[in-house]
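Peer 1: Put the two chains together into one complex, using the hints given.
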Amino acid sequence: MTHAKGNREDDSRWATIGGRRLPGLACVTFLSLAVWCLPAVADPDPPPLVVGAKNFTEGTVLAELMAQLLETHAGARIERRFNLAGTQVAFDALRTGSIDVYAEYTGTGLRDVLADATPVHSAAEAFARVSDTFAQRYDLVWLAPFGFNNTYVLMMRRVQAAQLQVSTISELARQSLRYGMSHEFLERKDGMDALRRAYGLQVASLVGMEHDLAYRALAEGAIDVSDGYSTDAKIVTQDLVVLRDDKHFFPPYEGAPLVRRALLARLPTALDALGLLAGRIDDETMRRLNHQVEGEGRSPAEVASSFLNELGLTHQRIDVAVRERSLLGTLWQRRAITAALTGWHLVLTGSAEVLACLVAIPLGIAASRRPRLATTALGIAGVLQTVPSIALLAFMLPLFGIGAKTAIAALFLYGLLPILRNTVTGIRGIDQRITEVGRGLGMTAGQLLMEVELPLAAPVILAGVRTSTVINIGTATLAAFIGAGGLGDPIVTGLTVTDVNLILSGALPAALLAILVDGLLAGVERLATPRGLRLPREVTE
Amino acid sequence: MIELREIHKVYPDGHVALRGVSLTVPAATTMALLGPSGCGKTTTLKAINRLVVPTAGTVLVDGRDVAAVDAIALRRGIGYVVQEAGLFPHLTAVENVGVVPRLLGWPPLRRRQRADELFALVGLDFATYAARYPAELSGGQRQRVGLARALAADPPIILMDEPFGALDPLTRRRLQREFLALERRLRKTVVLVTHDVEEAFLLADRVAVLAEGRIVQVGSPAEIRAAPASDFVTSFLGMDR
Chain A
-14 MTHAKGNRED DSRWATIGGR RLPGLACVTF LSLAVWCLPA VADPDPPPLV VGAKNFTEGT
46 VLAELMAQLL ETHAGARIER RFNLAGTQVA FDALRTGSID VYAEYTGTGL RDVLADATPV
106 HSAAEAFARV SDTFAQRYDL VWLAPFGFNN TYVLMMRRVQ AAQLQVSTIS ELARQSLRYG
166 MSHEFLERKD GMDALRRAYG LQVASLVGME HDLAYRALAE GAIDVSDGYS TDAKIVTQDL
226 VVLRDDKHFF PPYEGAPLVR RALLARLPTA LDALGLLAGR IDDETMRRLN HQVEGEGRSP
286 AEVASSFLNE LGLTHQRIDV AVRERSLLGT LWQRRAITAA LTGWHLVLTG SAEVLACLVA
346 IPLGIAASRR PRLATTALGI AGVLQTVPSI ALLAFMLPLF GIGAKTAIAA LFLYGLLPIL
406 RNTVTGIRGI DQRITEVGRG LGMTAGQLLM EVELPLAAPV ILAGVRTSTV INIGTATLAA
466 FIGAGGLGDP IVTGLTVTDV NLILSGALPA ALLAILVDGL LAGVERLATP RGLRLPREVT
526 E
Chain B
19 MIELREIHKV YPDGHVALRG VSLTVPAATT MALLGPSGCG KTTTLKAINR LVVPTAGTVL
79 VDGRDVAAVD AIALRRGIGY VVQEAGLFPH LTAVENVGVV PRLLGWPPLR RRQRADELFA
139 LVGLDFATYA ARYPAELSGG QRQRVGLARA LAADPPIILM DEPFGALDPL TRRRLQREFL
199 ALERRLRKTV VLVTHDVEEA FLLADRVAVL AEGRIVQVGS PAEIRAAPAS DFVTSFLGMD
259 R
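Protein sequences, first through last, are from chains A and B. -14 is the number of the first residue of the first sequence in this note's numbering; add one for each residue after it. 19 is the number of the first residue of the second sequence in this note's numbering; add one for each residue after it.
In case anyone wonders, no lab produced these hints; they're calculated from the structure. Warning: the hint list may mix true and false statements.
[Claimed, not checked] Using C-beta positions, here's what the derived DEER-type ranges look like:
no., chain 1, residue 1, chain 2, residue 2, range
1, A, Ile500, B, Pro30, 43 to 53 Å
2, A, Arg354, B, Ala91, 36 to 46 Å
3, A, Ala507, B, Arg23, 55 to 65 Å
[Said to hold, decoys possible] One side only, chain B facing chain A, incomplete, derived with CB under 10 Å:
no., residue
4, Val87
5, Arg167
6, Gln235
7, Gly237
[Claimed, not checked] Only some residues are given here: those of chain B computed to face chain A with a beta carbon under 10 Å:
no., residue
8, Val71
9, Ala85
10, Ala89
11, Thr110
12, Glu154
13, Ala247
Where a beta carbon is used, it is the ideal one built from N, C-alpha and C, also for glycine.
Chain B extracted, bound-state conformation (with noise of 0.2 Å):
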C-alpha cells in the first residue's frame, strides 16, 4: 500500500509543482493519475520512490516513510518504467532487463532463467529479441523491454511514466489491453500517470484527477464518469473525446 500525506513540492527555482496532495493506493491496484502536462502528475509519481524529494509531507510505502528508509534499496524494490522505456541504448534487450537483478547480485544462472520468463510474460521471443539493441528494436517491442525490466525482481510495486505515450494508436491499444492482462495475473500495486483519459478508464481501478498541483477527484472511473466534481474535470474528460 501506498499513501501520499499532504505532499507540497517547491523547486528550487521558486516554481511550485504541488499543493498539498494526499492519495492512498491500495496494494494490488492500479491507481492512474490522470491530469493535462504541468499538473504534477509525474512530480507526484517520483515522491514515491524518492527521485523528488517533497518540500514538505510524508510518503509511505507498506506503512514505512520512504524519507527513513535507504533510497537505493527502496528504488530496488519498486518496478520504474517511462515514456519510449528509457531503456540504456548500451545494453541489449537482455542487458536492460537484467540490470536490477545485476545490482541485487543474482547469479547469472537465475538471471538468464529469470530474463526467459519476462520475455515470454511481455510477449516477445527471447531467440529473436534478447541480444537486440534498443535500437533495433520497434517503439512498442522497447516499451516491452522496459515492462520487463521493470518486473524484473518482482517488486510489489511498479511506478509507470506515461509508458504508452510514444507509441501509435494501434500498438498503444495492443499493449494496453496485454498490460490489463498481465496486471490480473501478477497483482501488483501499480501508479500510472497518464494525460489519456480512455487510458486511465481501461487500466486503473481508481483514478485520481490533477490540476495545478492539487487533486480534483479521486474515485474509481464510473464514479468520476458518473459524478464530475467539478467544471474542470468535466471539460478535461470532455475535451479529450
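Excised from the complex, chain A in its bound form (with noise of 0.2 Å):
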C-alpha cells in the first residue's frame, strides 16, 4: 500500500520535471519528433514516377517535356527532381534508382561515364556504343534520341564568316585569327591542342575566358572565334554562324531518355509516351526552347507545354506566365510556392536537428565526465565541420541515394559540433560544489542529472542547439543540388538561368527563416533558463 502511494509520488515529481524544469528541451525535442513524423505519413502508395534533370536550361526543359507527356500518356504521377548536380549525381541516382529517368547526352555518356576516348565516325555509332554498354553494365536504356546534336562547336559573327568564306573548321584552319576559349575546352585532353593538331589551325592569339564572357567578346569584337554547344540559345540571338566540323573531330553529343529498365517493365506506356519526342526536336528547336526560357524569361514548364501543344501530343495548357521583371512581382507571383518549400526547409532542417540533438546532448553528457572521449568526440566533430558541405553531400550521396535523406544525414553531421560542444561546456561549467551536495543529499546519478544538471546547463545547451540550427537552415540551400528541395530549389534554378529575382525568391526566405528560427529559439532558452538564473544577484540583510 505505501509502495504504491510511493510510486505515484514518483510519477507526479517526474511530470513536474518534465512541465517545470525542463520545458525547453522537452518541447524542442517534441515539436521536433513531430515534424520528423510528417514525411513519414506524407503519401502511401503507389511510388510516382521520379524525372530528373541536371541543372541547366536545356537539362530541365527536356525534363519537363518527358514529365508532361508521361502525365498525358502514360498516366503517371509524376515527381520532378530538378537541378541535380551535374552528370555523376544524376547518373547515380538514376543507376540506384532514385529518379528514374532524365535526358542524357550519348557523348558524355561515352567520354565521362564510361571514360572511353576511342574515336567515334557518326551519331549511330556513339549511341549503339553506350546503349550497348548501359545495358550490360548498368540495366539502364538509352531511348531512342530527340533529334538534336547538343556537341562542342566553334563559332564565328555571322558578318565576319560570310567576308572570310568560312563555313567549315578546315576553311577556319587557313585563317590567322583571335581565339577565346572556354576555361573548360583549353584543359580537356580531346579540347583545343587536340583541335589544333587535328585541323593544324593558324592562331593569331589566345586567350581563356568564361562561356558566357566569350559571347560578348565575340559581339564586341574583341575575338573572332570561341567554342560553344550547338544548342545555345545565344547563337540564334547574337547572330552567329557555326562552323561545320567537317573532319568530325567532336565526338556526337545526342540527346536521349536515359531509363531505368526497371521502370519499363513497372510501367510499359512510358516506353511509348517517352517515344513520341523521338526525332522530333533538331538543333534549331532545341535552341530555340532554351532561348524561350533564357531569352524570353519563361518557364521551362511552360515552355514545353506550348511546344508540346505544338506538336499535338497533349491537349494540356499550361497558362503562360510571363515571368515578372521586379524583385517584389516574382515574391508575390512565387508566395504558394514559397510557403510549400519553406514548410519542406523546415523539415529537412527540423529532422536533422532533432536526430544531432539525440545523439549529440547524450555523447555530451557522457564526454563531460570522460575527458578522453570529450576530445575524441569534439575532434570528429570538428573535422566533420569543416568538410565543405558540398563535398559532404557527395559522401553522402552513395549511401542515401538523392533526395531528403542524403540532405537530412549531411545536416545532422554538420549539426552536432555546436550541440556537442555547448552540453560539454555547459555541464563542466556547473560550480562542482552544487553537484557535491546533491550527492551528499542523496541524489543518485540520474537524479542529480536530471535535477541538477541538466537545468543547470540547458541555456548553455540551448544556445548550441540554436546556433547549429541556424547553421543549417542556411547550409539546406545546398540540398538542392541532390535533390533534396527546399528553398535552395529557386536558387538553383536562377543561377542557371541568370535570374537575380529568382535567386532572391529561395535566399530572401532562407534568411528571413534563420532570423525568426534564432528569434524564436533565443525565446525557448528564455524560458529554458532557471527563474533563480535570471535574477540579479546578493540582497543585503
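Peer 2: Encoded structure:
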C-alpha cells in the first residue's frame, strides 16, 4: 500500500520535472519529433515516377517535356527532381533508383561515364556503343534520341564568316584569327590542343575566358572565334554561325532519354510516351526552346507545354505566365510555392536537428564525465564541420541516394558540433560544490543529472542547438543540388538561368527563416533558463 | 554514534590527505574538526557520508561499516550543510528544503507541513521567503535555508562544512548562537568542520585539532585550552586570537 503511494508520488514528480524544470528541452524534442514524422506519413502508394534533370536550362526543358508526356500519355504520377548537380549526381541517382529517367547525351555517356576515349565516326556509332554498354553494365536503357546534337562547336560572327568565306573548320584553319576559348575546352585532353593538331589551326592569339563572357567578347569584336554548344540560345540571338566540323573531330552529343529498365517493366506505356519525342527536336528547335527560357523569361514547364501543343501531343495548357521582372512581383507571384518550399526546408532542417540533439546531447553528457571521450568526440565533430558542404553531400550520396535522406544525413553531421560542444561546456561549467551537495544529499547519478545538471546547463545546451539550427537553415539551401528540394531550389534554378529575382525568392525567405528561428529559439532559451538564474545577484540582510 | 578507525586517504594524483585518523563522535554530541586549510578536516568529514572513499581504514555509523551500506540510503539519512549553504540556484527556498523529502518520496502535503516547521525552526518567515530563489536571499538567509534543508528528513546525524564561513561577523555570531540553542533542543550528532577556533569552542562538546592529515589533539574545549598537546596547538589557538 505504502509502496504504491510512493510510486504514484514518484510519477507526479517526474511530470513536474518535464513540465517545469526542463520545459525548453522537452518542447523542442517533442516538436521536432512531430516534424520528423511528417514526411513518413505524407504519401502511401503507388510510388511516383521520378523525372530528374541536370542543373542547366536544356536539361530542365527536356525533363519537363518528358514529365508532361508521361503525365498525359502514361497516366503516371510524376515527381520532379530537377537541378541535380552534374552528370555524376544525376547518373548515380538513376543507377540507384532515386530517379527513373533523365535526359543524357551520348558523348557524355561515352566520354564521362564510360571513360571511352576511342574515336567515334558517327552519331549512330556513338549511340550503339553507349546503349550496348549501359544495358549490360548498369541495366539502363537509352531510348531513341530527341533529334538534336548538342556537341561542341566553333562559332564566329555571321558577318565576318561571310567576308572570309568560312563555313567549315578546315576553311577556318587557313585564317589567322583571335581565339577566346572556355577554360574547360582549353584544359580537356580532347579540347583545344587536339583540335589545333587535327585541323592545323592558325592561331593569332588565344585567351581563356568564361563561357558567357566569350559571347560578349565575340559580339564586341574583341575575339573572332570561340567554342560553344550547338544548342546555345545565344547562337541565334547574337547572330553567330556554327562552323561545320568536317573532320568529325567532336564526338556526337545526341540528347536522349536515359531510363531504368525496371521502369519500363513497371510502366510499359512509358516507352511509348517517351518515344513520341524521338527525332522531333532538331538543333534549331532546341535552341529556340532554350531561348524561350533564358531570353524570354518563360518557365520551362510552360515552354514545354506550348511546344507539346505545337506538336499536337497534348491538350494540356499551362498558363503563359510571363516572368515577373520586379523583385516584389516575383516574390508575390511565387508566394504559394515559397510557402511550400519553406515548409519542406523546415522539415529537412528540423529532422536533422532532432537527430543531432538525440545523438549530441547524450554523447555530450557522457563526454563531460570522460575527458578522453570529450577530446575524441569534439575532434571528430570538428573535422566533420570543416568538410565543405557540397563535398559532404557528395560523400553521403552513395549511402542514401539523392533526395531528403542524404540531405538530412549531411545536415545532421553538420549540426553535431555546436550541440556537443555546448553540452560538454554547459555541464562542466556547473559549480562543483553544487553537484557535490546534490550527491551529499543522496541523489542518484540519474537524479543529479535530471534535477540539477541538465536544468543548470539547459541555457548553454539550447544556445548550441540554436547555433546549429541557424547554420543548418543556411546550409540546407545546398540540398537542392542533390534533389532534396527546399528553398535552395529557386536559388539553384536562378543560377542556371541567370535570374537574380528567382535567386532572391529563395535566398530572402531562407535568410528571414534563419532570423525568425534564431529569435524563436532565443525565446525558448530564455524560458528554459531557470528563473533562479535570471535574477540579479545578492541581497543584503 | 560515528566511529573512524585509522582512516588514510591518498588521492590519485599522489596527494596524501589523511595519515591515519581515528575518532569517535558519541550520539547527540557535537564534534568540531579544527585546523588550518589543507589539514584534512573536510576530507575526514566527507569520509563519513562516503563522498570520499578512504584508501584504508573503516568508518562506522551506528556500528555499521559505511563501505558496506548503500551510499544513497546512507546519505539520505545524514544532513549535509556546506559553506554558502550550497543551495540549488534553480530551486526556490521551499523547493531546496524539500529536496530530500522528495527523494524519499514523501507526499506533497507532508512535505509542505514539514517545510513550515523547518522555516519556523531556523527563524525564517515562510510567507516572505518560501518562494524566493537563492539569489534573492542574503547570505544569512541562505545559510538558514541550507540548515533547514539538512534537517528536513530529521536525520540523526548532521555534517557541516564551514557553515558560517562566508558570513559577516555579526550575522555569524547570531547564527552560531541560534544553532547552539537549536542543537540543545534537537540533540543531533553533529560533525562541524571549521578553522575558526572561537566557533569550535563555542559550538562543540569536543574538538579534534588536525594538522597535516593527522589528529594532534582531541578533547573538550576546556581540556584543550588548559593543556595544549603540542606547540602547534598552542600556536594555532594563539594565532587565531
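Peer 1: Which hints, by number, does the structure contradict?
Peer 2: Result: hints 2, 4, 6, 7, 8, 9 and 13 break, sorted rising.
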